[in-house]
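**Q** Listed below are the residues making up each chain.
Number of protein chains: 2
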Amino acid sequence: MVSKNQIKLITSLQQKKYRSSNQLFFAEGIKVIQEMLESNFELVHLFTTQNDFEEVSNGKRIIITESDLKKISALATPNTCLAVFKIPAEKKIIESGLILALDSIRDPGNLGTILRLCDWFGISQLICSKETVDIYNPKVVQATMGSIARVNVNYIDLENYVSQTKLPIFGTFMDGNNIYKTDLPKEGIIIMGNEANGISAELEKIIKNRLTIPRFGNIQKTESLNVATATAIILSEFRRG
Amino acid sequence: MVSKNQIKLITSLQQKKYRSSNQLFFAEGIKVIQEMLESNFELVHLFTTQNDFEEVSNGKRIIITESDLKKISALATPNTCLAVFKIPAEKKIIESGLILALDSIRDPGNLGTILRLCDWFGISQLICSKETVDIYNPKVVQATMGSIARVNVNYIDLENYVSQTKLPIFGTFMDGNNIYKTDLPKEGIIIMGNEANGISAELEKIIKNRLTIPRFGNIQKTESLNVATATAIILSEFRRG
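Read top to bottom, the protein sequences are chains A and B.
For the first sequence, this note's numbering begins at 1 and goes up steadily by one.
For the second sequence, this note's numbering begins at 1001 and goes up steadily by one.
Isolated chain A, as found in the complex (with noise of 0.2 Å):
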């Protein structure tokens, strides 16, 4: 079972001062569990409501009921298993290749369908500035699909890492070049802007890259992209060649 003050740490964790205090955060589903246990993340406990999970440490392993895991559970629907991990110190940032930067990214939806494509595209370095979402909250694990424990993830000051760096520098404006008739190199940071603002003006400054990715449509009013689809488009034709 599930103790009233595990049920008051768990829910506790939805919450990002709560997971900076007690340096846990916790991920539901068997697959995303699976690919975090096969990772080098530390598992504190793991509730699941099913036989499963044997090759967890009795101690680690509890076995619980349905009305317990709603209790502990962020998702409407719960699945049949949550488990509760450390937060991993953060790594060097590994300054080579093709690196993503996220600046204000607000929406876990979003973040999590970047990391997804960040693995998908063999990026294995994402650059979040303090103001984007914590990788850490519960949706967005969720969304990232176990992507979470294959890229490397830091949180920095963006405008001060990106001023040093002596990798090229990318990011998409309206009137950038065409990204189809642009050569793309195999190393350099591409940053991506928040939801509403895009890049802001500080780092639009510093980027000496301007990129665009073509409107197709006939009517002028086409909404700008979604961002996560935006990365999609971009990280494709980085590694297209």
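Worth flagging that the hints you see were computed from the coordinates, not collected in a lab.
For every residue, glycine included, the Cβ atom is placed at its ideal position computed from N, Cα and C.
Be aware that a few hints might be false.
Said to hold, decoys possible - Simulated restraints, written as ranges between beta carbons of each label pair:
1. B:Q1164 - A:K71: 50 to 56 Å
2. A:V44 - B:K1086: 39 to 45 Å
3. A:T77 - B:K1208: 52 to 58 Å
4. B:E1202 - A:L75: 29 to 35 Å
5. A:N51 - B:S1039: 53 to 59 Å
Unchecked claim - Lysine-lysine pairs mimicking BS3-like chemistry, simulated, CA-CA at most 25 Å apart:
6. B:K1031 - B:K1016
7. B:K1186 - A:K181
8. A:K71 - A:K92
9. A:K186 - B:K1181
10. A:K139 - B:K1139
11. B:K1016 - A:K181
Since chain A is already given, all that's left is putting chain B on it; use the hints.
**A** What follows is chain B alone, placed relative to chain A:
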């Protein structure tokens, strides 16, 4: 103010069966409503908490309180306005150029994002299998950001339609041809499959052109791409020339 009957009607429109029986749907937010008003959607009522939309006739425009808006809104944090529109009659399918077809897309956010992509890439015809989530679902309407006004959408028996078309048919599979190395035509039907199960076995038999978005990550375990991001990459490839 909003009458009890109006509250009952509008909240019922969150369910497909009541949208069908009333032939009505609703949209929220200034931007989305503005785009629908400028298109051919027939307004029934516009409820707003502000002194805006003055071009709408007095009989149709109703100024309400924030607390009344909360009662009719489908959003956790209501906007400032909500408009009820008539569901337009389905237009004939435009069988030329590029057509996107969806086989049982279930997530409203995915459908909304895909509709925005159609709009961006100048795809004016979207065909959905009857199992695909309803385009007038409030979450879809919200996610389209107004693109719903510019893309022709039809719900049909997809297998039947695809069996009789003369256009070339494309689908993405794990074992298809590298999309980056395939000559893609200016005309054709691109089929995207269900979030969990991909393209159905029945449809797969009919698809002659099998495409794959290559994976660049080192590790075999990389999850498949989300259907909306895969659609973004595929439409980009078809259009980039």
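**Q** Next step is simple, just say for each hint if it's right about the structure.
**A** Structure-based check of each hint:
1. For Q1164 of chain B and K71 of chain A, the hinted distance range of 50 to 56 Å is satisfied, since their beta carbons lie about 53 Å from each other.
2. For the pair V44 of chain A and K1086 of chain B, the beta carbons lie near 54 Å from each other, so the given range of 39 to 45 Å is not met.
3. For T77 of chain A and K1208 of chain B, the Cβ-Cβ distance of about 39 Å falls outside the hinted range of 52 to 58 Å, so the restraint is violated.
4. A beta carbon spacing of about 32 Å between E1202 of chain B and L75 of chain A agrees with the range 29 to 35 Å that was offered as a hint.
5. Checking the proposed 53 to 59 Å range against N51 of chain A and S1039 of chain B shows it holds: the Cβ atoms sit about 55 Å from each other.
6. Between K1031 of chain B and K1016 of chain B the alpha-carbon distance is near 24 Å, which keeps this suggested pair within the 25 Å criterion.
7. Proximity of K1186 of chain B to K181 of chain A is assessed by CA-CA distance (about 19 Å); at most 25 Å being required, the pair is judged to hold.
8. Among the hinted pairs, K71 of chain A with K92 of chain A is inconsistent with the structure: their alpha-carbon atoms are about 37 Å apart, more than 25 Å.
9. A hinted pair counts as satisfied when its Cα atoms are at most 25 Å apart, and K186 of chain A with K1181 of chain B qualifies at roughly 19 Å.
10. Restraint check for K139 of chain A and K1139 of chain B: the C-alpha separation of about 18 Å stays at or below 25 Å, so the hint holds.
11. The hinted pair formed by K1016 of chain B and K181 of chain A fails the criterion: a straight-line CA distance of about 44 Å is larger than 25 Å.
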